[in-house]
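Visitor: Can you make the complete structure from the sequences, with help from the hints?
If you want the building blocks of each chain, they are given just below.
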Amino acid sequence: MKKLFNAALPVVLLCAFQPVSAQTGISGRVTDESGEGLIGVAVIVETDNARTGVVTDENGIFYIDVPEDTDLEFNYMGFKSVILPAKDNMLVVMEEDRSLLEESVVVGYGSLKKKDILGSVSTVRHQELQNRISGNMVESMRGLVSGVKITSSGTPGSNANIQIRGIGSLSGGTSPLFIIDGSYGGSEVGLSVEDIESIQILKDASSAAIYGSRAANGVVIITTKKGTTGELKVKFDGSAQMYWLPKYDLMDAETYKYYDDLAYQEAMMQGVPGVNDLQNHLSGDSDFLGAMLKTGIIQNYNVSMSGGTETLNFYTSLNYKKDDGAMMNTGHEQFGFRVNTGGKKGIFEYGQHLFFSKTKTDNLMGNPWASAIQIPPTIPIYDDSNPGGFGYGKVDGANSTAVNPVAMESLYHSNNPQQYLYADIYGQINLWENHLNAKLNVSYKNYFGETNTLRKKGNWTMSQGDDSAFISYATAAHDMILVENTYNFNYDIKGHSINAVAGFSFNTMHEEYKSQTKLDPLVVGDKYITSFDSATGTQTCTGSYIEYALISYFGRINYSYGDRYLIQLTARRDGTSRLPKEHRWGNFGSVSLGWRISNEPWFDVNWIDDLKLRANYGTLGNTNIGPWDYQSVINTAPRAIMNGDTKVVGMTQSNITNMDLVWEKKTSANVGVDFLALRKRLSASVEYYYSKSKDLLFNLPILMTTGNEGGAPMVNAASLRNTGIELEIGWNDIVGDFGYSVNANFSTVSNKVLSLGYGQTVYYTYTSRSDIGQPLGMWYLYKKLGIFQSEEDVLAHVNSKGQVIQPDARPGDIIYDDYNDDGQITSEDRQIVGSPWPKLEAGLNIALSWKNLDLSINGYGRFGHLVYNAARATAMDFTSNQNNFADFVPWTQSNPSTENPRIIYGDTRNSRGDQDRWLEDGSFFRIGDITLGYTLPRKWLRAVKFEEIRLSVTGRNLLTFTGYSGLDPEFADGGVFTIGYDGCSFPNPRSVQFAVSFTF
Amino acid sequence: MAMFSGLLLGSSSCSDSWLDIQNENGLSSGNFWKTEEDMQAGLNAVYAMFYRQGTWTRNLMNQLDGMADDGVLYSSWTELNEWTKFIYTDYNFAEVNTKIWKEHWTAVNRANQVLDHIDDPNVTFSDENDRKDIKAQALWFRSWYYFYMTVLWDNIPIVLKTSSASDAPEGVTADKVFTQIESDLLKAIPDLPLERETEKAKPTRGAAYGLLARVYAQHHKWEEAAECLEWIIYGEGKNLYELERNFGDNFNNHTENNIESLYEIQFSLCNDVGWDATDNYLGADAQLGTQIEISRSPKGMGWQIVESNPWVKEYFLREKTLDGKNDPRLYYTLWYQDAEADFPEFPNHLIYGKTWEQLGYSGSDNDRIYIKKYSTDVSPVYYWNDNNFRAIRLSDMLLLYAECVNEVNHGPDAKAIECLNRVRSRAGLPDIADSKYYDGAAITSDYDAFKEHLKIERGLELAFEGMRWIDLKRWGFDASTLEDIRLRDADYNNFVIGKHERLPIPQTDVDNNPNLDQNPNY
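Those sequence lines, one after another, are chains A and B.
Each step along the first sequence adds one to the number in this note's numbering, with nothing skipped, and position 792 is 792.
Each step along the second sequence adds one to the number in this note's numbering, with nothing skipped, and position 250 is 250.
What the hints contain is simulated information worked out from the structure, not anything from laboratory work.
Owing to the predicted nature of the structure, the values given are computational and were not obtained by experimental measurement.
Keep in mind that the hints are not guaranteed to be accurate.
Said to hold, decoys possible - Here are the simulated lysine-lysine pairs, DSS-like style, with alpha carbons at most 30 Å apart:
#1 B:Lys299 / A:Lys456
#2 A:Lys647 / B:Lys299
#3 A:Lys457 / B:Lys354
#4 A:Lys80 / A:Lys945
#5 B:Lys299 / A:Lys257
#6 B:Lys473 / A:Lys783
#7 B:Lys499 / A:Lys581
#8 B:Lys354 / A:Lys801
#9 A:Lys456 / B:Lys354
#10 A:Lys149 / A:Lys680
#11 A:Lys235 / A:Lys247
#12 B:Lys299 / A:Lys457
#13 B:Lys132 / A:Lys647
#14 B:Lys200 / A:Lys581
#15 A:Lys647 / B:Lys187
#16 A:Lys647 / B:Lys415
#17 B:Lys299 / B:Lys354
Guide: In structure tokens, the structure reads:
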């Protein structure tokens, strides 16, 4: 078996190598530790002008021509590389590389060897991140691991969303818990990707249970780099990226006028009241998006210095990133500074991380994508006759209240400077020959964010009154303190291995929000003075604070016998201030079992390197809700007039509160097989999971008849079941100079509602319906059957009793399905028309290297789900003078479309939002990043004393396979009940990046 | 091992008290409703519900006037227009249906909170009459909001207690809602004073009788309605209310809280937000003005949402005053091209500082007729103004009394005719018997003729005061009335009997409440 797999490929590839000029011919044999010959080992010789090589034959024998005094390099997958001086009849023994299994994986309050991991943990290492174009740590993980869905928006400075194994909880987003170097953080802190050493993603209860109540959405543990022993190492990374945003292909003014006139003629023919004349069209021919989009440029620089001795190490880095934005009024600037140090003396050890970041983001004020669809292209972008100087609707010329997005972004500015300070320090005492470690970790996070807003005088829409100019200044300040005290114990004796951790944690957060606004800032010429003192109008201010705390006790024991039988027990007890006193404490835990079959003495399949079966069961919790959702307060804002200008203060409870909230708990079971074979070239892992989330906390909208205001109250809103299969499979090999790897991951998630809050059996939104026993948020819409082509068609559309269902319809109107067969179209005719949930998600990563060149390709996709294209729905078929898409061709007598209806100004019968006409297949596969890199040959570098210089070019999102007609099949969705709702989301850009990195 | 368990135990002493964190951003609701001042503040929060887009800031008025045959919408917002033309596509249409529905229920819930606590014996009042007064006001407000909900949707739930999140109240018929309102108002009446010295926003006994009369009439309980109206016209109200000599003073922001008013919604510009912001439930600085004016502004200025159907002007012009002039109510009600010629006796014909010619209209735009009622003398028109809305005024009560008596007696009596004539004579018109245009003899003697004539009188006197839809609904829609209305308002071509007498209930509330059905045929 072994022989068969080793032989074929490398020979073919080595044919490409150039023959070495006549030198000494030598021979040798390469074996493993047991003396068995290794087939296909790459034997490489590096000369001044080339790297060439041969491979060993089926007995491990090789022949090669080499110059005098040369070293030979032996590379073989699954074995440690060897470099030896060349000599004839040399015997080379290669040692098996166990690092892949022995590698330690951070699992929360400690680390375990990869081989001992029983839960579902995926790891992303810095090598995999280095080619990632995104400066955002969450986005950079995209497609690298199974069961992790990352959705991003292309807005500069925005954070990508991450979802692990479907919807674990409904509230507080679906974002997992982020731990950065032992402290709580998130994608928002602006961590530089270059500083990341590794990312571990804990996906199941077994691995995440140590984080108890914070882990229902999974845990992402990020470890930043630290200095390694050796002399000072300086690394510089620089990149420049150009990027472009996609743009709707909308009608130009000429086409728009043609169809708008058609819509008016149709309205007049039909007798729509008030429609007597065509629009006397304005003379503009505007491309609003075109005027707002440009090539975006992102510059990213990172310098790091690291080094250390056996007892002391440091890593420090400086990062600067600037994104000029491809859309008007967007942009992001970020500056980051990090110092990590660590040291040891005797039994004492310490470590410290300090990270400071300062960012500034320009905020987009409206949604220019939606506005661009709504505004007629006949409106000129600029119009001096309007207050503010921008064009907008005119009753006779373009009777539209659409927002001119250029005007809004020009007259309304907001930016958001933010600062993060992130610091933690730990001290540790190592006792009993390092079998027992006691650690105290204290971390502090401080955030200060400001929002500066300036509203200039002027209008962006026809219906606007004489809005005042104003300036406003808002701040948010957060302080988080985390104190953790942990004890680690590990002991190995006669095949028994114990690894245990126990600890205590206290976490508190205080957040302060203040905002003030003053009308009528001083204007000097064209310039607005943004000083509050110089403004003359009314001044208002608001402010509030929140505070919460969490106390936790936790422990974990890993025990293994003979490297074959593994068991892990985890327990955690959490107390939270966010739940009422009587329900405040929750217990969580997990049990995991593993069996390393490959280590059984009877196991005799020698091509399998490692085979492990594992199963676990556990409970996680969530209280990622507002700090005081169970406390009700009186709203003191209401004001009323008693007479003249006599104002009185009103007080009332506006927001209804559920005071009986309990812990949300997620119980899951997980079975998996890990498999490593063929000299560790083939790796695979298959998992099945089943999880039940009970008492999910969510602001489930309540009936309007309650009179509730200020958002739906928090409630234990639903119980859900998620099941899925995850498969990760990879092949990697090095053949002489050529190294390659192909890794693919596939996952499925399916969910089912088990119960709903307030005793409901079904929950509806405008476009979706969630029934007990069905997946969450199924599309629930009127169904379009076709287009009436004639009066006969109208009369032929009857129910089972022969009643004409749409008697008022005319040819060109949509045929709606009379689902309940009552002879008319009513709200009862909505029906479930599809699912927003992908049937399959997949990622593919290919890496190739040859000599000094490397190429990596990352692709990912989601398949089999329906997406609501709100951009199409927004266009609304010319019912109110909106623009439409260039490919839109309505039904007319001469164009009997079966797809699009006729267009009628002032009549929304065909353009209703709650019909399945706006659903599309959302499947896509996207080549995310393609990177081609070149590492300069070492001997060139020796001359300039550089360790490494690398140049690379990366293309991103250059290729997407999809049938979806929206801007981007990957969009920030509309929340858990409308998961597939693409509400004119800010699209992801396409980009090309050039990067240089050097180390000396 | 012993060491770390010891440390763990040691640290566990920090425990529970660290988790007791109280929200002090607002008064905890457990500490409220303890004093007289709390009750008054709770009631004030009900008053605050006037200043919402879905109540009296704008949308309720626009919807009522737009649906009725006097007003019509040709705005640039198609869905807004459709909602007044009996074309309902999205039952959750946020601007109209959801907003009005939601904010009316918020008002009801605020009133219910007061009513749930007001009788708490632990709360002492310096004067027990104040407790009664507050309770009566809360009952009046709950009735007020239920009345308008019935006018729009008919079949709604009745909620009489502070809401909790899991409530799924059952829908009942309009008849049951009216019965509930009647019982509430009857309870309120004796505890409301006849007059309010300064706090004009607070309903008086007259305001309660007026509202109750309106409810009874809508409920076709003519006798009971007539009794209430008699209190206003001939009883104690006789000394309190009088028709203003000048019709226009009822819509002018300089002549507020006048003797014709039984109830006014008080608007003010003292909170100046600077832009269009009302529904900010946490905004202590939210606007307290009205947008009725900007909603009606003529083309080219403001929002131009609601305008007038031509018949209102034509009907006014049919009859001259005793001194041979045009009905001055037309001058105060509408703006149109020939107004200056029709009313030479009035010097001011400016529309926000411009003459009709200066508006620069061409073609059919010169035929459009705009609503002047409730306009002010600002220029240019602004988002907000402080013009009080005269919610119940005496001339409405007089005409309603005439109608009720006609129903009770199946014909007009002397008092009914007198009340009608009082309204006419204030406008300078002759007594109905002497009318040169109408058949006075028939009108003063015949049930049907009198009733039909009242429809015209009310239509003119009360045009664009949010009354016409209520009137049309009271009079009912059958094939022949519909035919008649269609002559005045083409919107009614879409009207289907048995369906469009009421709006569809917001679908999300129907969907998510198993006890509430959608209105028939929606």
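Visitor: Evaluate each hint against the coordinates.
Guide: Do the hints match the structure? See the list:
1. B:Lys299 / A:Lys456: Roughly 26 Å separates the two Cα atoms, so the pair holds.
2. A:Lys647 / B:Lys299: 34 Å, violated
3. A:Lys457 / B:Lys354: This hinted pair holds, its Cα atoms lying about 24 Å apart.
4. A:Lys80 / A:Lys945: The given pair, whose Cα atoms are some 27 Å apart, holds under the 30 Å limit.
5. B:Lys299 / A:Lys257: 23 Å, holds
6. B:Lys473 / A:Lys783: Since the Cα atoms of Lys473 of chain B and Lys783 of chain A sit roughly 35 Å apart, the hinted pair is violated (cutoff 30 Å).
7. B:Lys499 / A:Lys581: 51 Å, violated
8. B:Lys354 / A:Lys801: At roughly 61 Å apart (the allowed maximum being 30 Å), Lys801 of chain A and Lys354 of chain B break the hint.
9. A:Lys456 / B:Lys354: This hinted pair holds, its Cα atoms lying about 28 Å apart.
10. A:Lys149 / A:Lys680: Holds - the C-alpha atoms of Lys680 of chain A and Lys149 of chain A are around 28 Å apart, at most 30 Å.
11. A:Lys235 / A:Lys247: 38 Å, violated
12. B:Lys299 / A:Lys457: Holds - the C-alpha atoms of Lys457 of chain A and Lys299 of chain B are around 22 Å apart, at most 30 Å.
13. B:Lys132 / A:Lys647: Holds, at about 23 Å.
14. B:Lys200 / A:Lys581: 46 Å, violated
15. A:Lys647 / B:Lys187: 28 Å, holds
16. A:Lys647 / B:Lys415: 41 Å, violated
17. B:Lys299 / B:Lys354: With Cα atoms ~12 Å apart, Lys299 of chain B and Lys354 of chain B stay inside 30 Å; holds.
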